[in-house]
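A.B. asks: As a plain string of letters, each chain reads:
Number of protein chains: 2
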Amino acid sequence: MSVDSSDLAREVEVLRITKDRCRHARVSVVREIPLTIFLNDREIITLLCTGAHVENLAIGFLKSEGMLQHLNNLQRVETDKDGQTVLVYTNEPTEMAEKLFGKRTLTSGCGKGTIFYNVLDSLQSQPLKNQVTIRVDQVRKLMSELHKRSELYRRSRGVHNCGLATTKKILLFRADIGRHNAVDMIMGECFLKEMDTSDKILITTGRITSEILIKAAKMKIPALISRSAATSLSLDLAHKLNMTVIGYVRGGSILAYTGGENLIC
Amino acid sequence: MSVDSSDLAREVEVLRITKDRCRHARVSVVREIPLTIFLNDREIITLLCTGAHVENLAIGFLKSEGMLQHLNNLQRVETDKDGQTVLVYTNEPTEMAEKLFGKRTLTSGCGKGTIFYNVLDSLQSQPLKNQVTIRVDQVRKLMSELHKRSELYRRSRGVHNCGLATTKKILLFRADIGRHNAVDMIMGECFLKEMDTSDKILITTGRITSEILIKAAKMKIPALISRSAATSLSLDLAHKLNMTVIGYVRGGSILAYTGGENLIC
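Chains A and B, in that order, give the protein sequences. For the first sequence, position 181 (counting from the first letter as 1) is numbered 181 according to the numbering used here, and the numbering increases by one without interruption. For the second sequence, position 193 (counting from the first letter as 1) is numbered 1193 according to the numbering used here, and the numbering increases by one without interruption.
One or more of the hints may lead you astray.
So the derived label-pair ranges between C-beta atoms look like this [unchecked claim]:
#1 196(A) / 1091(B): 19 to 27 Å
#2 1019(B) / 198(A): 46 to 54 Å
#3 1019(B) / 136(A): 34 to 42 Å
#4 1021(B) / 198(A): 49 to 57 Å
#5 13(A) / 1081(B): 47 to 55 Å
#6 1020(B) / 73(A): 51 to 59 Å
#7 1196(B) / 198(A): 54 to 62 Å
According to the in silico footprint, chain B covers these stretches of chain A (three or more CB under 8 Å from chain B) [stated by the list, open to error]:
#8 12–26
#9 52–59
#10 62–73
#11 79–85
#12 195–202
#13 228–239
Just so you know, these hints were derived from the structure itself, not from any lab. Ideal Cβ placement from N, Cα and C applies to all residues, glycine included.
Please model the complete structure; the sequences and the hints are all you need to start from.
C.D. replies: Listed below in structure tokens is the structure:
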């Protein structure tokens, strides 16, 4: 199945705050889907992606991982109707793939290993109860503080910054080449210190994708603030889990993607 | 072992091109290390990260993935001398962790599963033979074209753009929420079409980390151009593999991290 490029973003209702105005608006968010790849009927992995060119993505992933060697060995590639499963058939032994995939390296851009759908199911039955109310000037001040604290970013331009915050200040600050790693460092520290995070805010320079939202949900953190944009799947989850997602905090602008009622203009 | 924040970036020699000058300079690049996490003596994963707060990262990763449930069950955490291995011991059954980790979801920020060190070893014995020579004005024109082609980025601000190019034009363009996915789509298409990529350039909006460099090396692509910064590990590999890394192409500025002799000012 091919995906029309117009399907790769969708319009959502947001509250848009500019320097002196606060109003409802519609913005585009990029599509995010879980794409599961099977090799010779064995489930290999679920990638979170935009959903375009899924067959090339599956082939490229398998090739990149060394699970597919020669084009002659490729028998066929099938995509199911909803475009979320790609089945690849080869006449190369699959055991090699499994062996290669036994020890995985996760990238700077991630830190994942969940059984995606199980996690979704269990989280969706537990919407967060707490809410955090925050003023627009506090959002701007937190983002400004996040930037100020990252000497490493200013030096190298190579990291994402992340903080655990109250409405008034950043309590924990971490920076890493991986936006997921920065969140995991905070999760680890909170777990070790038995910190209650259910009244806190997670603030990040990275985009808000489904995994970042899921990590926050696991910590019962009710609100996320990002310098960057959110994806469609993260917003679907945020609605279901009763979470506030405030994004694109930059240059005086703020978008409340979800939970706009918790943002005081 | 704790890491001093001053160790998290290192200075490298680059060729810095501004609007009217081309000179040698020193810039900071962020540290990137492979961190391997063991749970009860079983190897779980290798994360690519900056190397700070590695114990919190390991604990947060295991907690986030559901492999660590209660603080009471945590027995001890050890980090080896070089700070690249964390050993976590619990009295929770490890089989659960393995079951949970049987089917993994990789994130938008990645598409990985290599046995990291094996890949490094095999790649390092095969430095690329081809080189691509490119003029500064061509670099700027390619980056400008990459931006122009991404209607999805302009609409949603939620994707990374990636292209396979000659010095004169972009041949293949892909955008995805994951910078690794965008590269894998290109790899898949080139593999299926049996395209020779050994004289091409990979151009991306994303940072150049080790995995992006490794994916390019596997395609024998000798040169990378990025709008963003590079990491220490990607540059170490680029030197060994004889690859050109041109980064931070924005606002008239360009940094040739490696292969400066292939950039014509």
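A.B. asks: All the hints need checking, so say for each whether the structure fits it.
C.D. replies: Cross-check of the supplied hints:
At about 25 Å, the CB distance of residue 196(A) to residue 1091(B) agrees with the hint of 19 to 27 Å. Taken as a hint, the range 46 to 54 Å holds for the pair residue 1019(B) and residue 198(A), whose Cβ atoms sit roughly 51 Å apart. At about 38 Å, the beta-carbon gap between residue 1019(B) and residue 136(A) stays in the expected band of 34 to 42 Å. For residue 1021(B) paired with residue 198(A), a C-beta distance near 54 Å keeps the hint of 49 to 57 Å intact.
Distance hint for residue 13(A) and residue 1081(B): a CB-CB separation of about 54 Å, consistent with the stated range 47 to 55 Å. Separation of residue 1020(B) from residue 73(A) is about 53 Å and conforms to the stated range, judged on CB atoms against 51 to 59 Å. At about 56 Å, the CB distance of residue 1196(B) to residue 198(A) agrees with the hint of 54 to 62 Å. Under a criterion of three residues with beta carbons nearer than 8 Å to beta carbons of chain B, the stated coverage of the region 12–26 of chain A fails, only 0 such residues being counted.
Look at the region 52–59 of chain A against chain B: 7 of its residues bring a Cβ nearer than 8 Å to a Cβ of that chain, three or more, so the hint holds. Coverage of a stretch by a chain is defined here by at least three residues with a beta carbon nearer than 8 Å to that chain's beta carbons; for the region 62–73 of chain A and chain B the count is 6, and the condition holds. Residues of the region 79–85 of chain A with a Cβ under 8 Å from some Cβ of chain B number 0, which does not satisfy the need for three, so the listed coverage is violated. Residues of the region 195–202 of chain A with a Cβ under 8 Å from some Cβ of chain B number 0, which does not satisfy the need for three, so the listed coverage is violated.
With 4 residues carrying a beta carbon less than 8 Å from a beta carbon of chain B, the region 228–239 of chain A meets the three-residue requirement, and the given coverage holds.
Hint check: violations occur at hints 8, 11 and 12; the rest are consistent with the structure.
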